[in-house]
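Read off the chains here:
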Amino acid sequence: MPIDFLYPEYEVIRNPQRCIACRVCERQCANEVHSYDQELNLMKSDESKCVNCHRCVALCPTRALKIVKTDHTFKTNANWTNEVIGEIYRQAGTGGMLLSSMGNPKPYPVYWDKILINASQVTNPSIDPLREPMETRTFLGKRPEKPERNLDGTLKTENLPPNLELSVPVMFSAMSYGSISYNAHESLARAAQELGIYYNTGEGGLHEDFYRYGANTIVQVASGRFGVHKDYLEAGAAIEIKIGQGAKPGIGGHLPGAKIVGDVSRTRMIPEGSDAISPAPHHDIYSIEDLRQLVYSLKEATDYKKPVIVKIAAVHNVAAIASGIARSGADIIAIDGYRGGTGAAPTRIRDNVGIPIELALAAVDERLRQEKIRNNVSLVVGGSIRNSADIVKAIALGADAVYIATAALLALGCHLCRSCQTGKCNWGIATQRPDLVKRLNPDIGYKRLVNLVSAWQHEIKEMMGGMGINSIEALKGNRLMLRGIGLNEKELEILGIKHAGE
Amino acid sequence: MRLEGDVRIPSGCAISGIFSRSGKKLNGEAIIRSISTMHDRSNGLGGGFAAYGIYPRNKDLYAIHVFYDSVRAKEECEKEIMANFDVTVAEKIPTRKMPIITDEPAIWRYFGIPFEKLLKDTQLDEREFVARCVVKINTQIKGAYVFSSGKNMGVFKAVGFPEDVGRYYCLDKYEGYCWTAHGRYPTNTPGWWGGAHPFAMLDYSVVHNGEISSYDANRRFIEMFGYKCTLLTDTEVITYIIDYLNRKQHLTLHEVADVIAAPFWSEIDRLPQKEKERFTYLRNVYSSLLITGPFSILLGFSGGMMALNDRLKLRSMVVAEKGGMTYVASEECAIRAIEPNLDKIWSPKGGEPVIVTLNKGVDA
Amino acid sequence: MNYVIIGNSAAAVGCIEGIRSVDPDGAITVISKEPYHVYSRPLISYLIYGKTDEQRMKYRPDSFYEDNGVKAMLGVAVEKVDYTKRRVLLENGEQVPFDKLLFATGSAPFVPPMAGLDEVKKKFSFMKLDDAKVLQSELNPESRVLILGAGLIGLKCAEGILRKVKKVTVVDLAPRILPSILDEEGSEIVRKHIEEQGVQFYLANSVAQFHKNTACLKDGTELEFDLLVLAVGVRPETKLAAGIGCKVNRGILTDAHCATNLPDVYAAGDCSESLDITVNQQRVLALLPNAYMQGETAGITMAGGEKSYNKAIPMNAVGFFGLHIVTAGSYDGEAYVVKEGSNYKKMVSKDNLLKGYILIGDVARAGIYTSLIRERTPLDSIDYELIKEKPQLMAFTAAERAVKLGGARNEN
Amino acid sequence: MKRIYVNEKWCLGCHLCEYYCAFANSGSDDMVKALKDIRIHPRIRIEEKQGISFAVSCRHCAEPLCVKSCITGALRADNGVIAVDKNKCVGCYTCIMICPYGAIMPGVDGSVVQKCELCTNNAFGEPACVQGCPNRAIVFEER
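Residue numbers (the UniProt record's numbering), protein chains in the order written: chain A, 1 to 502; chain B, 1 to 364; chain C, 1 to 412; chain D, 1 to 143.
No lab work stands behind these hints: they were computed from the structure.
Don't take every hint at face value.
Here are some chain B residues pointing at chain A (derived, C-beta under 8 Å) [unchecked claim]:
1. Val135
2. Cys170
3. Ser213
4. Val285
Glycine is no exception: its CB is placed at the ideal position from the N, C-alpha and C atoms.
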């Protein structure tokens, strides 16, 4: 075997005093890290195969296992870090682009963590969500410019364009069937239904089994148009045109043929084993006018009954782009920040392209207000919403709702090992191998998603109550409820918030 | 120290209102007596009144009340007023010298009506035209501040306790069918004359007690529609919201109340289908105009008055009736002080507006 | 309602529990010659072996009769049954009236005439607790025991006493042991195993003549012995039943409800015959599970409930000196045989059904095979090749497993 | 009555149920102490073949053939839970012969049988296999 210069990043530490050689680690590792030595009655491990997904750690009944970062190191160098050196070795060995998955892991600032939330004291009572109603119901979509009245003077309620109603301003972001498993999709769909929110098909079509969750489904139309047909468009509650994705702005998608099997192939409407390549741009959208045409084509196709979402990655001039989209007829704009996850992306793109969602959101919301069109369109943001405080901050900055995906996958068991591209997800999420897919029981998965979002809802209510706000709409764009900490003037200006203490 | 407009100033307060449905005119004595009963709810940093029906001789003209900090401001402002309005009267508002009232600006009023030609040129509705002029002066002319701009009504306000402010403005000399009053308890500023309440826009005047937690959500939304919240006060944004919904969106005052103090979804979901749709529509379309946090407000408008509490009723407010009179105040004592023998007194539920208007045919 | 049960073993208990599942109130009377609380007959060899004791041998707890409202008349024999007057006459002159009657009279040892048998002083049967007690009291480390009969009773007796005596010899007319449950190859394996423990066999042989403590075998061998155990065979106790006109073949004839030809009269257990579904013939299936289930069926039927017993098959689980044997059904058909060391497996199929099997040694999960026979599972509805390897539910369809394990309802 | 149900769709063949069962019935409060360096004798057993796996343990039949067939009365149903009285059992294996699920097995030394007793007779109180199943392939439910 040629020397690859690479040393395993992680070490599997087994406590021999605890190991009872039950071999669950061996059975559960799709990477075949563990093996049993009959002669010695001992478990062994080959850490070069370990992706640090913790499947073995989590299932070990005696907690005999842990995975640690190796302390094996090159001569320390702040510039030429282990990671940088390793990547060079890898590329020198393969001649290929580096691929990664999930979101940008680099230590760029996380603005959510530099924003603080207000609370009431004395002059205004905080509200106790256990005693008073605390509302998180949210509508997404256009609002009519003026109300109309019937002949008898009552309000004409039918003049409302199609809207999405959410019990809590959280939706599951696009993840295609194919990139994630059937059971992951079922979990998301069932959770969305129980929660009264929406999940998103991503660009993988909608499996026939899931049409029954249509009322809680957003169907996506992306550059590859995989799985798009009339019934598909009509099945969902809304249609999302995906222009870009935070993890890889400007890049299309590539689902390897190995994952295009059986139902995945049928659902995508492409032959088994063929690579599913989504082009970088939509080849019928080279300009904003083209987008408008697609928006209206989709509206025509669905009789103007479904809101159309346009999803873009947060890039440098996102505010101007969003303004253009708002005028294209879209009902909802979804913006995906650079920390958004993915099943596979070129590492350099993932780590270096795009901007933080916090700044993008603040800029877009402000821009749409300046242009007086904020009420024509709803704003959904995603790209690493990690907890309920992030949501409160996003809404206060001006978002109508948030998209979560990485957090949802974590709820399903994802351990962020960032090896989705291998298709050997030990947690049954980013895989199509039947023996692995079955590891995610949707009965458990959907409940964990419901738990997560319900827990967040409780926390959102608690924080709202602290601010003396008892309905989420009074939080939307309420930037006075936020203060920055450790941010410079420019950052504060873009975020439209004051510094703590001001 | 930064003044209103530089910094947001929440405040506690007292409010009181008297309304004669028959159009019977009262001078300002009663309302002063009423608001002074709640002296402890103010801290001397602002008091004010709105009175309707007080300018019967000029009732078809806009009465524009202005504070001036400087001669230059007055010159600049009058130039603007004269350029847009056919002004019939321009005069100093009579005041009574009082040692307790200090730092007085120059206080002027103008009765006039927009030039026809300008209305035609701008294709604006007369009231919209006036509103824009007011916003323009208040945002662009430093040292000038229009604090009243309706027809046959006027706002009188100053830094001081409300009873002193009332005497200062000689309110005993005015007679109106509707009076509202405000005593202010700002929490972090010495107050500024313009920042005192009522806050008025055209003939809408609002006195308010409370601190709304939805402020910035409301402000950033309403500012899309040509308003500029220069004072950063709750009362200002509430006034604009009411102006926007009632005057521009043509919602009824009841509907306005259903937007700003909307019923909870849990209540809406229980209603019959039609009603449910109506409330859902209003809450959805005007979601950013929901006002949360404690408030009790008294809205004065031509021919009527509306009292409204926040939906949780986090601020006290009572309403009483005696004959043709309706009284509203933060505290019952403020009503009893001027009318001990009431026909009826009650505390309206949160979010339930009490709207009184002149009896049919009454032209006050 | 007066229920009367003659006999006090597994069939009687099945009957009592069957009656009580339907009728909590009716009077139940159990009449038995033996003076004991109901005990398990097959345990007498374990008693001697020391693996159980009289207390633990009780088939049901001490409070059983009381808990079930049963009047137990123990230690008293039945003289005869007066069917027309619906009453049972006891030896002691008492009369017990009945509305429903169950014969659970079991079987009795059958001793063929043998020359000189009268001369043998110490001879025993091995059926009942009293037999075991007497035998046990005579055993000593110097005893030489001769057992006639290499069937289940004789061999269990041999196992029970071997470690307590000097020598155990077994003589049988048949050329191999356990001929009723094993095939030749199986008999061979088991015989070798038992011989290795120290038991000596004389097969295809018989006692021509006893001379006191010496047995002269047909082939001329002379065997000295101290104690003689007679385990040649048993016969159903059918006399009382026959006396009132019940049809009796080898055992009392019954239908699927365990009813005899006479109204209100039932029979269950070793005294009766039932339909062996593997050969579709009425047979005496003298085995405890059968007795209990027949008794239960009879009891439920007597009390007015609905129950049939239509899955009777011969089956035996038995072990000798640690070697386990499970057999079931009949062996006429296509055989599949695997022999590995002391493990032996024979599966016999016919007409798309498993008819019988023999497992020696590894008997794990044998019940899965038994159920194929009892349930008459068509072999083409399962993976027979797979299940032949070892008993496993994997051989069933996923849908069938969902019924068996997942709580799914069977569509049929 | 609450029973154990198995859904093979979700069974991963990880065998953890067997280990949790063995631990639960070990009498030890430490899994390592109980199971290290021994061959376990669980009362629940996984069958597996070509990607299919499922656990088998006593079904606690409403009409328990094992109880009816037990020659000693050691197997009894107590409120529907079928348990074996090890003091009475003589290891004749009649129950093994009759159980259609193959859910009764010889105990460690073969002298008596053992079977799932729904952990009613150990410290777990509720089936340990159910608690230990990572994918809810084994559930304990009233149906």
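Evaluated hints:
1. Val135: At about 15 Å, which exceeds the 8 Å cut-off, the nearest Cβ of chain A leaves the hint on B/Val135 violated.
2. Cys170: Where the cut-off is 8 Å and the nearest Cβ of chain A is about 33 Å from B/Cys170, the hint is violated.
3. Ser213: 4 Å, holds
4. Val285: 5 Å, holds
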